[in-house]
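Enquirer: Assemble the complex: chain A is given as a structure, and chain B must be docked to it using the hints.
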Amino acid sequence: MSESTPTPTRRPRAAQASRVDSVLRDALREILAGSIVRGALAILIAFLVGAILIVCTNDDVISAAGYFFARPMDTLSAAAGAVGEAYGALFRGAIYNTEADSFVAGIRSLTETARFAGPLIAAGLGVALSFRVGMFNIGGQGQLLVAAGCAMWAATQWQLPGGLHLLVAIVFGLIGGSVWGAVVGFLKAQTGAHEVIVTIMLNYVAVNVLTWVLRTSPLHNPGSGNDPTSMAPAASAQLPAILGPSFQLHLGFVLAIAAAVLFWWLMERSSLGFKFRAVGLNPDAARTAGINVERIFVYTMAASGAFVALAGVNQALGRTAGFTPSIDAGIGWDAITVALLGGSRAGGVVFAGLLFGAFKAASSTMQFVGVAPEVMSVVQGVIVLFIAAPPLVRAIFRLPAPGAGVRAVLARTRTAETQEVAK
Amino acid sequence: MKLELRGITKRFGSFVANDAIDLTIEPGEIHCLLGENGAGKSTLMNVLFGLYQAEEGEILIDDAPVHFAGPGDAMAAGIGMVHQHFMLIPVFTVAENVMLGHEPTRAGVLSMDVARARVREISDRFGFDIDPDARVEELPVGAQQRVEIVKALARDARLLVLDEPTAVLTPQETDELMQIMRELAASGTSIVFITHKLREVREVADRITVIRRGKVVATADPTAEPAELASLMVGRDVDLDVDKQAPAYTSSSFEVAGLTLVGRSGEHLLDDVSFTVRGGEVLGIAGVQGNGQTELTEAILGLRKHARGSILLDGQELLGKSVRQVLDAGVGFVPEDRKKDGLVGDFSIAENLMLDRSDGEPFVRFGTVDERAIAAFAEAAIEEFDIRAQGIDQAAGRLSGGNQQKVVLARELGRELRLFIASQPTRGLDVGSIEFVHDRIIAARDSGIPVLIVSTELDEVLGLADRIAVMYHGRIVGIVDGDTPRATLGEMMAGVAA
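Sequence lines, in order, name chains A and B. If you count by our numbering, then the first sequence holds residues 1 to 423, one letter each, in order. If you count by our numbering, then the second sequence holds residues 1001 to 1498, one letter each, in order.
Chain A on its own, in the form it takes in the complex:
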């Protein structure tokens, strides 16, 4: 980033983008200011909606509803049974399997939740970071794929001693995702291009580049024929299991938690995080106070991409086989949900990551009792809807916040007035 003279054509575009920006930023600020209560309520409502879907799609309930007027209790008890069974399966699949014959087998559910939560937490932190700076990083998928590709390169192409090989592969992945993100920040800073558009487009680029790379030597696994499949990572570069061979949980979860601690320090304690937050809350004041807002955009996307990249590393190295371009498993998108539910705070993101990790871990047990996996996707969607939608709608249509004190309202009108005068 240079301080050099920008091209004269830049301003109008930047101005347009900044209007979109300010609407989105208002919405973000309000979403992030949301309380724990709102998150809890959103989860509760989502589970109720999920229950309705479970009831509506359950075969027993449907057949009992056929003679509802003759014996209504049949339908109701079938409904209650279906919901109980489904959420019971969620518990067994995600926390503790009460039907298992040993404690180790029972608690495996919880470790599976943690295993699925690892990449969600890491990617969620990345998206959360961008949110805190008032930017929407929708490019999690792309950053994750690039990171996975870079990590896999290091993991398959070199022969290094155990710990070192893993470290090099991780660092490679982080650099890849970080650079992929920084490009977005750079384009925004230089040309005013909106990060939402750029990140979405870069997702397509990443998918297709990775597909090409995985079809081409040296990453291509000849054993898979023409499929875009990578070689398996060298054993020395795989994330090691941390609870012994009877569990699949690997180092990736620990790294994700460590990333959350780092995120907390970065955002709440560091001077860089101070600038991040200042730019996120009021870029004008930040600029006037001598903070180079454009440079912060680049740093933000680089840091955001690095956190997301950890999820990609986790996906690539947390396995013994090669991977295909679907390795992202939707994590780049789920990360948005995780960040929103977590209020973009470190602790909240860890919690939200564990919750959605639990959904993923329990997916097969729930399917076993007849609950379609889509139901839990709806539950996730409803959570986001209830957390994000009201402020977003308000911001777009400039409606006042409910229950805002007169001071807030007055303050807002006064700001509007001074801006008006300034024109």
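The hints are simulated quantities; they were obtained by calculation from the structure and are not laboratory data. The model shown is predicted, which means the values in this text are computed figures rather than measured ones. All clues stand as given, with none of them false.
Every beta carbon over 12 Å from chain A, so not counted as near; a handful from chain B, in silico:
1. Phe1126
2. Val1136
3. Ser1187
4. Glu1200
5. Lys1215
6. Asp1446
From the structure, some residues in chain A lie toward chain B, with a derived Cβ separation under 7 Å:
7. Phe274
8. Ala278
9. Leu281
10. Asp284
11. Ala285
12. Gly290
All residues carry an ideal CB built from backbone N, CA and C; glycine is no exception.
Expert: Leaving out everything else, chain B in the frame of chain A:
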């Protein structure tokens, strides 16, 4: 028309914005509502205009009680409101704006002729001199305001509420407005004139009602002394004059030479601006809002990359430097819009106090914010600058305007300075805070550094400045002594060279 407000009480939650307010406006009277920002003047007028519903009290027009569910009712009853910020559509003509909302039609087709004739008739009757076919955006601000008044009169308003109408006007335009108000009153229209400017009140009002903290505290005659009105408004004795000694010049200097800034469409936002401020003196930049003052301060701070010319602080070139470098060179800057550019509203007072020193000593060590250092600094600042807050962790956005400005001042004056720039330093502040801010600015001057003040309030410039530079259309019209008569300055603000 005679308007009577009886016992109007309006609450927002537990906050009482209007507390049993009684107000009577006689036909043909210019009644002035005087009060500080937040005293409840605007709330009261919004109740009158049907925008708010009062919890208690009643409104009587010509002794008959009325109820306004919305502005439509109020307008139908003959009440017109001219807001501080014009509600005009810039690309429409005057006639189109005036008829907007009650368009005259003939057989279902818009009849522009009727609208034009109506504008012309009102314009002629009161000597407004307005062309119905002029596009509003091409009119000067004073004329736009007259369009607003025509708009109200075209709806047969018999009572006009003017909300801080002079904030955007030059002294000459203000005089013209006062003349218009007198003529309207003479023709029987009642006028409620909301302001906090004592000079205008005394010049034009028939009666004055002073509101403080939601209550009517006094009614006064226009013959009352300004100091008396001010103390009624604030609730204590205030000193309206700025105490200052003759400047003690030092060797430091701030020199702007040939500063030029060309806008996007080729217009000169700044046109060959040159001036010098010596250490120990205040140079005041006067002028109507929007004549390049904002661009000038932004260019000095390094926010305007295209500016050409030269900006020398003690011989060091500032032009072309980043904001960071300019601040580090010892420039303290109070921006004109403190909410937008001065503070992060959601940040605590403490965080706002370190906003421009987020790198290195004294607040950051090893990349980590030193909470204890910033807390100590914030405690001291609250003490020294008399910031009324619950504590250093209170969000700055929740402070009153005066206290917000004190936070900005504490931050900007808390560094080692070689130049201090304050833009609209007291805009929207209460009288008490204004005194404090003015004293601080003079204290900065007396520390021997050059001080640059930009203000659209002529009284403020006259009170603070040792010399005055007047800006008009991006140019410096002239630089004159601090005791230049208002009339001369007023002419310069309209572009007439001294």
